[in-house]
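Undergrad: Now for the letters of each chain:
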Amino acid sequence: MDQHQPHIVSNTKLIGIWLALLVLTALTVAITRVELGGYKVVGALTVACAKAGLVIAVFMHMKYEGVLLRWLLFLTLVTLAIFIGFTFFDVLYR
Amino acid sequence: MSGHEHRDDYGAKLGMWLFLFTELLLFGGLFLLYAVYLKRYPHEFASGGKQLNWVLGSINTVILLTSSLAAAMAVTSIQRGEARRTVALLGGTILCAGGFMVIKYVEWSAKFGHGIYPGSEHLKAGPPGESVFFSLYFLSTGIHGLHVVIGAILLGWIALKVRGGELNAGNNILLENGALYWHLVDLIWIFIFPLYYLIL
Chain Z
1 MDQHQPHIVS
11 NTKLIGIWLA
21 LLVLTALTVA
31 ITRVELGGYK
41 VVGALTVACA
51 KAGLVIAVFM
61 HMKYEGVLLR
71 WLLFLTLVTL
81 AIFIGFTFFD
91 VLYR
Chain R
1 MSGHEHRDDY
11 GAKLGMWLFL
21 FTELLLFGGL
31 FLLYAVYLKR
41 YPHEFASGGK
51 QLNWVLGSIN
61 TVILLTSSLA
71 AAMAVTSIQR
81 GEARRTVALL
91 GGTILCAGGF
101 MVIKYVEWSA
111 KFGHGIYPGS
121 EHLKAGPPGE
131 SVFFSLYFLS
141 TGIHGLHVVI
151 GAILLGWIAL
161 KVRGGELNAG
171 NNILLENGAL
181 YWHLVDLIWI
191 FIFPLYYLIL
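Sequence order for the protein chains is Z and R. Under the numbering used here, the first sequence has 39 at position 39, and the numbering climbs by one with no breaks. Under the numbering used here, the second sequence has 81 at position 81, and the numbering climbs by one with no breaks.
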């Protein structure tokens, strides 16, 4: 873990990501305003995950971080998935 | 790295991320409660969700995304040594935080005006599912709003340090960590917004 030069993300790139986030927001609102039944939940959550991915990768610089932080993020998400997933094994098949 | 000052930027960032992971687990717990009760009370959740104003929710989403852009650009600016620009961008983030809280205030007062608040007579008289929905709504948006206020104060303090020259191109980990905290606030809202305002 050497102190290497920090990665400077250009303003153009940040603004590009912001525009993508706005488009995705408009998309979620649009798909949840029409009646799609159960698909709108899946659709809205998929778009939310995509937005979260963009924020973490670029705004939070995770794309430019080393192995340790990436693995810790992965570990956190797996932990979340386990406790949400295992709760639902109980809730859904009770 | 100059020798006279002891600093560990990588350690500071690692510590910040570890803290953010515990925050993710905190809000993850709230989302889990939401999901379990949505399964138990689908009709009450649907009628509760329809009482929330999705237009105000959307405006707040745009405000928070913009505030995150300003925070990210502030990090880029300080790395390039543009102190004045950094302070201006942090000011933009704090302004957005203020706008977000004003809209939140409008939303909450409208609900209070209709007798909807935790423990209110209206909710006690209604079905249990409705009461659970609004309790979770107030708890989630309340803790999130608290994070918005703390984040804005933190960034204001950091902006003062940038203006005073204490933080600069060579020493900016405090600003980077403050921005990380702010992005977390944005990240949580990215999930609160569709769950409470859109899908029900």
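Source of the hints: derived by calculation from the structure; they are not laboratory data. Please read all numbers here as calculations on a predicted model, not as lab measurements. We treat Cβ as the ideally placed atom computed from N, Cα and C, and that holds for glycine. You may find that some hints are simply not true.
[As the list claims (entries may be wrong)] What follows is a set of in silico ranges between Cβ atoms, one per label pair, in the way DEER data are often shown:
| id | chain 1 | residue 1 | chain 2 | residue 2 | range |
| --- | --- | --- | --- | --- | --- |
| 1 | Z | T46 | R | Y105 | 25 to 33 Å |
| 2 | R | I59 | Z | A50 | 37 to 45 Å |
| 3 | R | G164 | Z | L45 | 27 to 35 Å |
| 4 | R | L139 | Z | I15 | 32 to 40 Å |
| 5 | Z | L45 | R | R84 | 21 to 29 Å |
| 6 | R | G29 | Z | A50 | 40 to 48 Å |
| 7 | Z | V78 | R | R84 | 36 to 44 Å |
| 8 | R | G115 | Z | L68 | 20 to 28 Å |
| 9 | R | I103 | Z | R33 | 16 to 24 Å |
| 10 | Z | V67 | R | A169 | 25 to 33 Å |
| 11 | Z | T12 | R | P118 | 27 to 35 Å |
| 12 | Z | L27 | R | P127 | 31 to 39 Å |
Undergrad: Evaluate each hint against the coordinates.
TA: Hints, one by one, checked against the model:
{"no.": "1", "hint": "T46(Z) with Y105(R): 25 to 33 Å", "verdict": "holds, 32 Å"}
{"no.": "2", "hint": "I59(R) with A50(Z): 37 to 45 Å", "verdict": "violated, 21 Å"}
{"no.": "3", "hint": "G164(R) with L45(Z): 27 to 35 Å", "verdict": "violated, 44 Å"}
{"no.": "4", "hint": "L139(R) with I15(Z): 32 to 40 Å", "verdict": "holds, 35 Å"}
{"no.": "5", "hint": "L45(Z) with R84(R): 21 to 29 Å", "verdict": "violated, 41 Å"}
{"no.": "6", "hint": "G29(R) with A50(Z): 40 to 48 Å", "verdict": "violated, 23 Å"}
{"no.": "7", "hint": "V78(Z) with R84(R): 36 to 44 Å", "verdict": "holds, 43 Å"}
{"no.": "8", "hint": "G115(R) with L68(Z): 20 to 28 Å", "verdict": "violated, 51 Å"}
{"no.": "9", "hint": "I103(R) with R33(Z): 16 to 24 Å", "verdict": "holds, 20 Å"}
{"no.": "10", "hint": "V67(Z) with A169(R): 25 to 33 Å", "verdict": "holds, 26 Å"}
{"no.": "11", "hint": "T12(Z) with P118(R): 27 to 35 Å", "verdict": "violated, 46 Å"}
{"no.": "12", "hint": "L27(Z) with P127(R): 31 to 39 Å", "verdict": "holds, 33 Å"}
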